[in-house]
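Since chain W is already given, all that's left is putting chains Z, S and L on it; use the hints.
There are 4 protein chains.
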Amino acid sequence: MSTTLDAYAADVRAAVADAREKVSALHAELPRWGLVVWTAGNVSQRVVVDPAGPSERDLLVIKPSGVTYDELTPETMVVCDLQANLVDGDRAPSSDTAAHAYVYTHLPHVGGVVHTHSTYATAWAARAEPVPCALTMMADEFGGDIPVGPFALIGDDSIGRGIVETLRGSRSPAVLMRNHGPFTIGKDATAAVKAAVMVEEVARTVHISRQLGEPLPIAQSDIDSLYARYQNVYGQH
Amino acid sequence: MSTTLDAYAADVRAAVADAREKVSALHAELPRWGLVVWTAGNVSQRVVVDPAGPSERDLLVIKPSGVTYDELTPETMVVCDLQANLVDGDRAPSSDTAAHAYVYTHLPHVGGVVHTHSTYATAWAARAEPVPCALTMMADEFGGDIPVGPFALIGDDSIGRGIVETLRGSRSPAVLMRNHGPFTIGKDATAAVKAAVMVEEVARTVHISRQLGEPLPIAQSDIDSLYARYQNVYGQH
Amino acid sequence: MSTTLDAYAADVRAAVADAREKVSALHAELPRWGLVVWTAGNVSQRVVVDPAGPSERDLLVIKPSGVTYDELTPETMVVCDLQANLVDGDRAPSSDTAAHAYVYTHLPHVGGVVHTHSTYATAWAARAEPVPCALTMMADEFGGDIPVGPFALIGDDSIGRGIVETLRGSRSPAVLMRNHGPFTIGKDATAAVKAAVMVEEVARTVHISRQLGEPLPIAQSDIDSLYARYQNVYGQH
Amino acid sequence: MSTTLDAYAADVRAAVADAREKVSALHAELPRWGLVVWTAGNVSQRVVVDPAGPSERDLLVIKPSGVTYDELTPETMVVCDLQANLVDGDRAPSSDTAAHAYVYTHLPHVGGVVHTHSTYATAWAARAEPVPCALTMMADEFGGDIPVGPFALIGDDSIGRGIVETLRGSRSPAVLMRNHGPFTIGKDATAAVKAAVMVEEVARTVHISRQLGEPLPIAQSDIDSLYARYQNVYGQH
Chain W
1 MSTTLDAYAA
11 DVRAAVADAR
21 EKVSALHAEL
31 PRWGLVVWTA
41 GNVSQRVVVD
51 PAGPSERDLL
61 VIKPSGVTYD
71 ELTPETMVVC
81 DLQANLVDGD
91 RAPSSDTAAH
101 AYVYTHLPHV
111 GGVVHTHSTY
121 ATAWAARAEP
131 VPCALTMMAD
141 EFGGDIPVGP
151 FALIGDDSIG
161 RGIVETLRGS
171 RSPAVLMRNH
181 GPFTIGKDAT
191 AAVKAAVMVE
201 EVARTVHISR
211 QLGEPLPIAQ
221 SDIDSLYARY
231 QNVYGQH
Chain Z
1 MSTTLDAYAA
11 DVRAAVADAR
21 EKVSALHAEL
31 PRWGLVVWTA
41 GNVSQRVVVD
51 PAGPSERDLL
61 VIKPSGVTYD
71 ELTPETMVVC
81 DLQANLVDGD
91 RAPSSDTAAH
101 AYVYTHLPHV
111 GGVVHTHSTY
121 ATAWAARAEP
131 VPCALTMMAD
141 EFGGDIPVGP
151 FALIGDDSIG
161 RGIVETLRGS
171 RSPAVLMRNH
181 GPFTIGKDAT
191 AAVKAAVMVE
201 EVARTVHISR
211 QLGEPLPIAQ
221 SDIDSLYARY
231 QNVYGQH
Chain S
1 MSTTLDAYAA
11 DVRAAVADAR
21 EKVSALHAEL
31 PRWGLVVWTA
41 GNVSQRVVVD
51 PAGPSERDLL
61 VIKPSGVTYD
71 ELTPETMVVC
81 DLQANLVDGD
91 RAPSSDTAAH
101 AYVYTHLPHV
111 GGVVHTHSTY
121 ATAWAARAEP
131 VPCALTMMAD
141 EFGGDIPVGP
151 FALIGDDSIG
161 RGIVETLRGS
171 RSPAVLMRNH
181 GPFTIGKDAT
191 AAVKAAVMVE
201 EVARTVHISR
211 QLGEPLPIAQ
221 SDIDSLYARY
231 QNVYGQH
Chain L
1 MSTTLDAYAA
11 DVRAAVADAR
21 EKVSALHAEL
31 PRWGLVVWTA
41 GNVSQRVVVD
51 PAGPSERDLL
61 VIKPSGVTYD
71 ELTPETMVVC
81 DLQANLVDGD
91 RAPSSDTAAH
101 AYVYTHLPHV
111 GGVVHTHSTY
121 ATAWAARAEP
131 VPCALTMMAD
141 EFGGDIPVGP
151 FALIGDDSIG
161 RGIVETLRGS
171 RSPAVLMRNH
181 GPFTIGKDAT
191 AAVKAAVMVE
201 EVARTVHISR
211 QLGEPLPIAQ
221 SDIDSLYARY
231 QNVYGQH
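Chains as they are written, first to last, in UniProt numbering: chain W, 1 to 237; chain Z, 1 to 237; chain S, 1 to 237; chain L, 1 to 237.
Don't take each hint at face value.
Said to hold, decoys possible - Cβ-Cβ distance ranges computed for the label pairs, FRET-style: (1) L:Ser221 with S:Glu214: 34 to 44 Å; (2) W:Ala25 with Z:Glu21: 24 to 34 Å; (3) W:Ser158 with S:Gln83: 50 to 60 Å; (4) Z:Asp90 with W:Thr68: 36 to 46 Å; (5) L:Asp18 with W:Glu21: 45 to 55 Å; (6) S:Glu214 with W:Ala228: 31 to 41 Å; (7) L:Ala28 with Z:Ser221: 31 to 41 Å; (8) W:Asp11 with Z:Tyr8: 52 to 62 Å; (9) W:Gln220 with Z:Pro74: 35 to 45 Å; (10) S:Leu86 with L:His109: 30 to 40 Å; (11) W:Ser158 with S:Glu214: 23 to 33 Å; (12) S:Leu216 with W:Ala219: 27 to 37 Å; (13) Z:Asp90 with W:Pro108: 30 to 40 Å; (14) W:Gln220 with L:Ala28: 43 to 53 Å.
Simulated from the structure, these hints should not be mistaken for lab results. C-beta: ideal position from N, C-alpha, C; glycine also.
Pulled out of the complex, with its shape left as it was, chain W reads as follows:
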């Protein structure tokens, strides 16, 4: 029995070490694509602790609070449970950890979450206006408009709840939290980072298009067909 337990413990340690490596490397994508300044923004990934058990037992690996992008290494990442309690690490977790944890608890298919204040996405969020689907790349990646979530204060469940309720009603992996900024989800942290890059890109392109007139809408049937193809065919299989 103790052999099994040892093996189990070793698996969890390996998965956490792996996630520390990956989450640390993915943070570099945020400044690279111009999504964050100073210490803003964070990426997390779920670590499945007990594949047969409830997902509430899982862990997450996330950036520590208020630390610059130059200082990020696998070792400085922190590990929390899904109640946002620190499980492993020398530093305080990101102040957005509770929102990430809420998403993992309530959306079991989500393996990665990203939060930024990227400029154009946040500009739509400040007006509480969804980004209309006027680009084929939006149809591909988001399957329609990018929705707006409620205004919510940090400190309790309200940000996490706002994210989950908004995304449940949408194909979009991105939500614009009002007056705040985008949160994105994905099957893993890489997919959530890709969605964070793409939400800023399409928020920017549609904004610029609308500055000089009205972008032409894409028919719903065309959006559906683009989304279906992209989700099933694109990339290396």
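For chains Z, S and L alone, kept in the frame of chain W given last:
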């Protein structure tokens, strides 16, 4: 006879190796000039297989699908025929390969094709509005307005057909496909990449100019004279 | 007694050497975040000479005048007293030194000052319009709107006086001097640089949001609660 | 006598070698500050051949035509006389050489000339609208509005003449040639590059300010006093 065949085969191999090298290096220009994010965008070049035969027998070298710019090397590029079938390479070709192949088949003078979703060009495309020729550098490079192509879904010939039909009626090496983004052509891949850089530059400059008023048009005779000089005199001869 | 004096002098020298190092390194953050071009912009830090005495006796370390960002090293930084007289260094101090010195003299809790002409903050300053608090990150960092200071010519106390009078009536660590640009303050130079990065970020985001409509305001009680939490809880403690 | 001639020739050679080095290095500033794409833009510097003779005998060092920024070295720079004839170098000179030469011939105090198509300056030029002096840094550097020059075709003296006539009536070291882009001058190539960086910076800042209202003007007497101070006091003396 077999000696001639061997020599012929060796020539094709050398041309393909050369094109792999060149197309891989040119992809680095797309993120360098801010034209793409994540894995978006692609560059291709025609390889002439049988100079005496019909151009439909030619090959093209293009980026694989859904691969990041950091992973691109001459070896990861893929080779397709002009029916967009994979001829050589370990990965699935870009999902835009059929559009590139259609252009090579129907425009025999074209040796390079580039596709991006660069922001300002795509913003004009989302309004289906041509970029008016209000800059001497537009007259030089594009010989007039930058035209808009039709809305077209991926999956059959309609994107390729839209590109070819629009460019046949224009001196411009760039077309803005509606709600989608720019495609550019050139005598080789380098010229098509230059056109991709320039179409974003002029789309951006004319956009910004129009934000605060109406850019002054350039007389058609001045456009013609600038275009004629630039195409014949500029550069190293 | 002379031993005490020697020790005192050694302390001052060590503090100055330390500040030269820090101020030189922090200047690199200004071009990194796109806040300055050519030789514009400057960062300073206070050096406390006599902790028991009046703060007017303190020194400040600042960038020399008209020197490019590539040439900055700890050795090229200059040391001035709070009357803006050169105390140590081979070069003329920044022409904004008098404004920095005025701030240190009249705001004893300030340990760092930064001045830039960052684009979006300066654009609001040219209209003499405060940036309205429409983002949770503005509530966090600035505790409300970012205020505008008076038009003031260089050459006497008027810039310094304008900064101090405007900031005394505000929680904001940033002031937009009319037709000129932002000045920011902090407990040390790092905090002032962070405020310089953040003022440009929020000036840009609110500007972009307002281009297509009116950003939704945040209730004053929500601003107060976000500000209180952020100032007390955020980061590593 | 031949000794004197040898010494004279050696002086000219040294001055040309020096200018090749400097002009090549300064070209790197154009992409660094985002002023150019691909092969656009050029920097030149005057070489005084005979200090006692007429300035029409001077030489100029400039970028070759259509060569990318990665390929620029002191050796690839070309030397022309002030009739724009190639005097030394393996490549064809920039197609803007005649305009540079005209400026050196007619403005003897000018030692450097820069031409770019930088985005915001060119956007004002496309509307033929001067940039109004609404920033203290504009008063410092340009002493007032940035003027617009006439529309002119390449191929004869008309661009050079338009630059010279416009700048003779202004304190500004920058002119926006209509539908074309900015030309800047300075006592040497470094000063002209600085003016090229600053003209884009102020064109961009005033553009952005005007997007949401009207920037407040600065009184002429304040502009005069800022300009006088900056030209005489700023920097290291």
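Handout entry: Hint numbers contradicted by this structure
Key = none
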